[in-house]
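Produce the entire structure from the sequences given, and follow the hints as far as they go.
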Amino acid sequence: MSLLGADLRREMEIHRYPLLAYALVPLASLVLQAWLPRLTSPYDWFDFPLVVTVYFALGRRNPIQGTLMGAAMGLFEDALTHNAIGINGIAKTIVGFLAGSVGVRVEVDNQVIRLLLNFVLSLLSSAIYLFVSRFMLGLALEWSWLTELLRALGNSIIALVLFPLLDRLQIKE
Amino acid sequence: MESFFTRYRNLVVLLVILVAQIAGLAVQVRRASNGRNALDVDDQSGVRLIRLWANAIIGPPEHLIHASKLGVVGLWSDYIDLHNVREQNQDLKQTIGRLRLEQAALLEDARQGQRLQALLGFEQKYIYATVAAQVYGSSGSDRSHVFYIDKGAHEGLKPDMAVITADGIVGKVRDVFPHTAQVLAVNDPSSGAGVILETTRIRGILKGNADGQLEVVGILADQRIQPGEKVLTAGGDLVFPRGLPVGVVQKVVRDPDRDAFIDVILTPAAHLNRLDEVLVITSTEPRFPPQQQKDLAASDTLESSVSPAIRDQMKASEIMSEKLPGLIDPNLPSDQQPLRDSSNPNPAVPPPQPLHPDQFSPGAAAPAGSEPGADTAPKPHPKTPYTLPAAPSAAPGSASTAKPAANSAPQETPRRNP
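Protein chains in written order, with numbering that gives the first Met the number 0: chain A, 0 to 172; chain B, 0 to 417.
One or more of the hints may lead you astray.
Stated by the list, open to error - Not the full set, but computed from the structure, chain A residues with beta-carbon under 10 Å of chain B:
id	residue
1	Pro62
2	Leu74
3	Phe96
4	Leu148
5	Gln169
6	Lys171
If you are wondering where the hints come from, they were derived from the structure by calculation, not from laboratory data. The structure presented is a predicted model; accordingly, all values stated were derived computationally and were not measured. Using N, Cα and C, we set each Cβ at its ideal position, and we do this for glycine too.
Written out as structure tokens, the structure is:
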């Protein structure tokens, strides 16, 4: 992982996208996340909104934008479940913030780094979800780390395909 | 101060958003009666509004994708994949003819069963009003086994209505929106339904586990429970009617939390992961098809025209039974009893006396307390004289249908002299 100095960081290219992409890509990810499990269940080890959050947060290299996008995606996901609204929101808020913060420090155009980050942030999101549900709220929650590991793997595979496709949406200067 | 916010604005924004969400979570969780925290069963208005917005934004594209998928599948199956359709059509026609005959026979059985159960006073629920709905989306999370259907409050759906398929139960309506509804599947850990094992008649609570499997909990270890046994709804949860298929026993495992208990893992009867169409039970009140309604109306009319006559007869018989003298009057000495009244032109014949008196003959029972077991012998009610039933001759023409007075004790029918 190549660490960069502060001056070089400022010079790094910030990925820019059409305004429509900011609206439609997250929406498409939420719709797919809600619709695809009907076809893939019980092997629905993926989290499209998380992958999209990580992608935009890394690409924009802006922790605030990553935080806001993560919060919005997480809250939407929560609203579609019957669980409390905010658990996924908190998890993805932190993930978006960290992805945006890491994006400032590392070379995010490297595909391997992106995949590794996706894997680690997926596991972190699961851990935060578990922490908030079980320890902060005291809810009875059955948990399987194997499922979360498979989900992190699934997200990495999705990122492998999705990130190059989304890169094509970038505005080239 | 300004420099602080400028310097740490990323962290400040993060903290503000986190604190807002934590505060939002705090109002959604309540301490349950068992001491554990749980989510509010009924969403508060703000939470419900967020769910409504999310559903309104995500729902239409999901509908579109679902409709596109149905269109492609329909195109394939209706116009391209028509292999052996003619043979299938003929087979189906034959099946329809056979099923019509069976339906006619079963309809009669069902009506008879309903009449008998009504007589027995059972509170049996029948499924008569259902709304068919398409499943178009899910929660998108394996931690929340809910799905969305394209029918809502405008179609008469309400929370806690049962959702089924032809194969078995599926879940219950949780949140109802104007044109859509959220259904909590039976394999969600937070769901619950009363079930009974068909053969062993053991009852338990159905819920989902972390892997999305159905399991019956709250059962004491029992060797009789074997894989393959069917599980049905017990009907005590006020959501699912009794007797609907739930699944088949797959295996029995020990309850990890309680030693003496077991968990029964089920294979669901309905394909919970592949739901396309479901039925929502909107009413369990009996509702018959038009022809049956006509028949019932005709029988009701007939009954209402007959019942006044029957009521008159019963009333007359009651009056007559009150006016007629009792065969035994406790206020009169034995030689002046009506049975021995020589002035009666049609004296009633007293019950025949047994040739050899035994303990079963009236009046032959030993007094209570005279010997062990004596008080178990049947005794006539001291305040109920032996009275005649309604005299047939007193109500000519109605004697054959007259019933005994309601307040008269069961008794033998006395014979009259020719």
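Hints, one by one, checked against the model:
| no. | hint | in the structure |
| --- | --- | --- |
| 1 | Pro62 | holds (4 Å) |
| 2 | Leu74 | holds (7 Å) |
| 3 | Phe96 | holds (5 Å) |
| 4 | Leu148 | violated (14 Å) |
| 5 | Gln169 | violated (23 Å) |
| 6 | Lys171 | violated (28 Å) |
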